[in-house]
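Colleague: Sequence:
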Amino acid sequence: MFTGIVEEIGKIISSSGGSLTIGARKVLTEAALGDSIAVNGVCLTVTALNDTSFSADVMEETLSKTTLGRLRLGDSVNLESALTLSKGIGGHLVEGHVDATGRIISISPLGQSRIIRIGAPPEVMRYVVTKGFIAINGISLTVVEHDEHSFTVSIVKFTMDNTILGEARAGDAVNLEADIIAKYVERCIGKKGGLTEDFLKEHGFIKS
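Residues 9 to 216, numbered by the working numbering, are exactly what the sequence shown covers, in order.
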């Protein structure tokens, strides 16, 4: 489990044979073999490490559903170590289980920030709501607005400077993970036959 608050930008040292080696510092301070580190929002298990890098194996399923298979030598990646009980949740609960990839449609400046529009498939858009959370390449961001096929987020200068979104371009593919809470709500409502007036009354949202 993660928070979507990127700790540092790492660099790909090698990428071959289903294994990644990534140069890093901050996320390795207390890391150990078997620990989880989010790489562009994908939860990976540390298989080797030293003071300046770590390695992780990447399954075929992960390569097919995320952008990790496209990484090359020297590419930058967002890194976050796993959530602990003593770690503040500055973003939202992120599993590191990417739902699908999306693609940046446009990037528009707005004062000191940028508005990024991202096209996403139905399996992600069904959970996208205005002012709700979504993880983009492991970054916890708030949805500004959405339509049927895309949504926008606003990134401030700090996010530009401290994540790989600062170098993003239209056409780039990104990893997307919808808010887990939305998935649980859908599951619970589905068992009740949908969001009905009776359901809302039963759970105290409206009075009889």
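Hints may contain errors.
Unchecked claim - Derived DSBU-like pairs (lysine-lysine); straight-line CA-CA distance at most 35 Å: (1) Lys165 / Lys139; (2) Lys165 / Lys34; (3) Lys95 / Lys34; (4) Lys73 / Lys165; (5) Lys19 / Lys73; (6) Lys95 / Lys191; (7) Lys73 / Lys191; (8) Lys165 / Lys95.
In case anyone wonders, no lab produced these hints; they're calculated from the structure.
Colleague: Now, for every hint given, state plainly whether the structure supports it.
Modeller: Evaluation of the provided hints:
no., hint, result
1, Lys165 / Lys139, "20 Å, holds"
2, Lys165 / Lys34, "21 Å, holds"
3, Lys95 / Lys34, "14 Å, holds"
4, Lys73 / Lys165, "29 Å, holds"
5, Lys19 / Lys73, "21 Å, holds"
6, Lys95 / Lys191, "24 Å, holds"
7, Lys73 / Lys191, "18 Å, holds"
8, Lys165 / Lys95, "24 Å, holds"
Hint compliance for this structure: no hint is broken.
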